[in-house]
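Undergrad: One-letter residues, chain by chain:
2 protein chains.
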Amino acid sequence: MGPRVPHPEEAASPGAALLPFSWAGNGAPGAGIGIGFYGNSETSDGVSQLSSALLHANHTLSTIDDVVLETVERLGEAVKTELTTLEEVLSVRMELVAATRGARRQAEAAAQYLQGLAFWQGVSLSPVQVAEDVTFVEEYRWLAYVLLLLLVLLVCLFTLLGLAKQSKWLVVVMTAMSLLVLVLSWGSVGLEAATAVGLSDFCSNPDTYVLNLTQEETGLSSDILSYYFLCNQAVSNPFQQRLTLSQRALASIHSQLQGLEREAIPQFSAAQKPLLSLEETLNVTERSFHQLVALLHCRSLHKDYGSALRGLCEDALEGLLFLMLFSLLSAGALATTLCSLPRAWALFPPSDDYDDTDDDDPFNPQESKRFVQWQSSI
Amino acid sequence: MGPRVPHPEEAASPGAALLPFSWAGNGAPGAGIGIGFYGNSETSDGVSQLSSALLHANHTLSTIDDVVLETVERLGEAVKTELTTLEEVLSVRMELVAATRGARRQAEAAAQYLQGLAFWQGVSLSPVQVAEDVTFVEEYRWLAYVLLLLLVLLVCLFTLLGLAKQSKWLVVVMTAMSLLVLVLSWGSVGLEAATAVGLSDFCSNPDTYVLNLTQEETGLSSDILSYYFLCNQAVSNPFQQRLTLSQRALASIHSQLQGLEREAIPQFSAAQKPLLSLEETLNVTERSFHQLVALLHCRSLHKDYGSALRGLCEDALEGLLFLMLFSLLSAGALATTLCSLPRAWALFPPSDDYDDTDDDDPFNPQESKRFVQWQSSI
Numbered sequence: 000m001g002p003r004v005p006h007p008e009e010a011a012s013p014g015a016a017l018l019p020f021s022w023a024g025n026g027a028p029g030a031g032i033g034i035g036f037y038g039n040s041e042t043s044d045g046v047s048q049l050s051s052a053l054l055h056a057n058h059t060l061s062t063i064d065d066v067v068l069e070t071v072e073r074l075g076e077a078v079k080t081e082l083t084t085l086e087e088v089l090s091v092r093m094e095l096v097a098a099t100r101g102a103r104r105q106a107e108a109a110a111q112y113l114q115g116l117a118f119w120q121g122v123s124l125s126p127v128q129v130a131e132d133v134t135f136v137e138e139y140r141w142l143a144y145v146l147l148l149l150l151v152l153l154v155c156l157f158t159l160l161g162l163a164k165q166s167k168w169l170v171v172v173m174t175a176m177s178l179l180v181l182v183l184s185w186g187s188v189g190l191e192a193a194t195a196v197g198l199s200d201f202c203s204n205p206d207t208y209v210l211n212l213t214q215e216e217t218g219l220s221s222d223i224l225s226y227y228f229l230c231n232q233a234v235s236n237p238f239q240q241r242l243t244l245s246q247r248a249l250a251s252i253h254s255q256l257q258g259l260e261r262e263a264i265p266q267f268s269a270a271q272k273p274l275l276s277l278e279e280t281l282n283v284t285e286r287s288f289h290q291l292v293a294l295l296h297c298r299s300l301h302k303d304y305g306s307a308l309r310g311l312c313e314d315a316l317e318g319l320l321f322l323m324l325f326s327l328l329s330a331g332a333l334a335t336t337l338c339s340l341p342r343a344w345a346l347f348p349p350s351d352d353y354d355d356t357d358d359d360d361p362f363n364p365q366e367s368k369r370f371v372q373w374q375s376s377i
Numbered sequence: 000m001g002p003r004v005p006h007p008e009e010a011a012s013p014g015a016a017l018l019p020f021s022w023a024g025n026g027a028p029g030a031g032i033g034i035g036f037y038g039n040s041e042t043s044d045g046v047s048q049l050s051s052a053l054l055h056a057n058h059t060l061s062t063i064d065d066v067v068l069e070t071v072e073r074l075g076e077a078v079k080t081e082l083t084t085l086e087e088v089l090s091v092r093m094e095l096v097a098a099t100r101g102a103r104r105q106a107e108a109a110a111q112y113l114q115g116l117a118f119w120q121g122v123s124l125s126p127v128q129v130a131e132d133v134t135f136v137e138e139y140r141w142l143a144y145v146l147l148l149l150l151v152l153l154v155c156l157f158t159l160l161g162l163a164k165q166s167k168w169l170v171v172v173m174t175a176m177s178l179l180v181l182v183l184s185w186g187s188v189g190l191e192a193a194t195a196v197g198l199s200d201f202c203s204n205p206d207t208y209v210l211n212l213t214q215e216e217t218g219l220s221s222d223i224l225s226y227y228f229l230c231n232q233a234v235s236n237p238f239q240q241r242l243t244l245s246q247r248a249l250a251s252i253h254s255q256l257q258g259l260e261r262e263a264i265p266q267f268s269a270a271q272k273p274l275l276s277l278e279e280t281l282n283v284t285e286r287s288f289h290q291l292v293a294l295l296h297c298r299s300l301h302k303d304y305g306s307a308l309r310g311l312c313e314d315a316l317e318g319l320l321f322l323m324l325f326s327l328l329s330a331g332a333l334a335t336t337l338c339s340l341p342r343a344w345a346l347f348p349p350s351d352d353y354d355d356t357d358d359d360d361p362f363n364p365q366e367s368k369r370f371v372q373w374q375s376s377i
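Residue numbers (numbering that gives the first Met the number 0), protein chains in the order written: chain C, 0 to 377; chain H, 0 to 377.
Quick caveat, the hints were computed from the structure, so don't treat them as lab data. Note that the coordinates shown come from a computational prediction; the quantities given were computed from them, not determined experimentally. Everything hinted at is true.
Computed Cβ-Cβ distance ranges for the label pairs, DEER-style:
| # | chain 1 | residue 1 | chain 2 | residue 2 | range |
| --- | --- | --- | --- | --- | --- |
| 1 | C | 196 | H | 232 | 45 to 51 Å |
| 2 | C | 217 | H | 278 | 31 to 37 Å |
| 3 | H | 97 | C | 80 | 34 to 40 Å |
| 4 | C | 134 | H | 141 | 27 to 33 Å |
| 5 | H | 92 | C | 80 | 40 to 46 Å |
| 6 | H | 232 | C | 203 | 38 to 44 Å |
| 7 | C | 69 | H | 195 | 42 to 48 Å |
| 8 | H | 145 | C | 153 | 28 to 34 Å |
| 9 | H | 92 | C | 58 | 51 to 57 Å |
Derived lysine-lysine pairs resembling DSSO-like cross-links, with alpha carbons at most 30 Å apart:
| # | chain 1 | residue 1 | chain 2 | residue 2 |
| --- | --- | --- | --- | --- |
| 10 | C | 272 | C | 79 |
| 11 | C | 167 | H | 164 |
| 12 | C | 302 | H | 302 |
| 13 | H | 164 | C | 164 |
| 14 | H | 167 | C | 164 |
| 15 | H | 272 | H | 79 |
Each residue gets a CB set at the ideal place from its N, CA and C atoms; glycine is no exception.
Kindly produce the complete structure, drawing on both the sequences and the hints.
TA: Given below as structure tokens:
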């Protein structure tokens, strides 16, 4: 037997020692990294659902303001131009002037009632700003997790490579990296646990908290806020009264215009144009009014609220728990790796036959020993 | 050198031959299985978004029908009881009877206008049925993929185990299983490609197709369907006319009731009770009317349509592409495994020192050879 032929049991032992590392180093973090990517994507989905619900709610709120503003302006314009022209044209018939004045009063009343419906006007809290802040934080959180996941993946792969190639420097570097990633993993476990506890505390009964917070931030009456946040049969529409009053005012303008059309047009042909224009304005106003009724109803805004809550309390929380599982798995696997790597290193044969080509350092003590052996054999 | 000490290069070769299999057998399908689980969950999310949007749309449609039915019944009841009582009480004053008859006519007209708003009544297509069908198919699809993923995972793990333990029967069984899973993978690639092509074809321009299909299934007018499916400024509300007319009828009932209250109550105290009850009915009807305006507006149903499309064309399609990637990866890895397993088997040493305990079959030809050798050495 030559001195450089190793005993078969000895040659087999690094291969056998590789197996548990291969399982621990590729199995647990492999599953962990998959879980981590899934959790990261779920959290991101949940947060983007939250911010898109906020944007949709903002769109509804700003559309309410726009429609109210537009309708009030349109009614004011009609009062200023067509109704004034009509009054001048019909000035000789007192009862027609009275009907015109009645229509003007009703139009002014309707404009005043509608004005009060733009409840979000002048509120400093902007859902767009909240959505932007949330998206900003989420982008960095997402990126940080992707980097952490890639780091764990790289550490696992290079540790396996180091074990397979039995390269000592790679194993040393990866031991140091594992220590770093272990610290990061434990840190992220702590952060995730704190966030998950806070989030599930919030999610167990969000309505009261969100209602109080929004009331503080916006200064809106609790009637309006509970109508939108609860949106059930028990809470009546706080705009019902105003809506009914403006609806009656619009219907009364309509009947007065119809009366004027019947009475005035046969006698005063100049009254036809402003009357038709007023009817058109009334039709457009009624369409806007119906849109406003639809926008003010709690269904749409409450659905956004529900969707934001679902995003936060279902998807984001679930993703967070998966991220926590990933962090725990990777921390466990890295701790195992850290404990076993020095022992695996001790099992590396002092000189190996299938060494990697990187190790051709002439000042390597093994190489110089071999050189001395080769010289003496000549 | 003893005959049973293998040459070091020979002893090392199975270890070296293991590496590429370990990478191919654990790396590619490992990533593939992660991608597959992710894709399966994304597809499932998308389909559940579709079915929840369908359920929400169904809720809106059935609420419209319910509110219309309830309001029409309430108005009919008021006409039958309170207005008839009022007519009898006021029968001595003809002008008050005329006002009451006017209110009755308006109430009947309002009921008739509102009746026409229940557009989904008598339509045979039920979104709930569609949602249930979709959920049923999706449940089996999800389960089939989870089973396929687990099968691939098990085949990979047992192949690795067979290679590590150098157990021939395990490698043979896993070769047969790999062949089976390879066929399943290629089959699923074909199914996924066909579904993805069909789905992306549908998703490139869904509106026209869905509109035509719904029109065929429901027989509703294209006015109503394009109002809900397009929901932009260009399409006017097909219920606008009816809504405005019923609103005017309700306002006119209100003004007639107010007139009656002023005129009749001082003289006929018996008129007070039915009049107050009518006012209450009118208030409730106006609330229901506002709810109906909100429900009939295209916002809510169009949002459900958009959410169903997003579920199908974003999440489900994305998930499907990920599933296709998984199937391709696993098919590739299994094909590689199938090509290399027989060669790896040939490299197994004819008798191995760290054999597993399962292989203690006395009728094993190697065992009997060893037995003969042992006998001859005695």
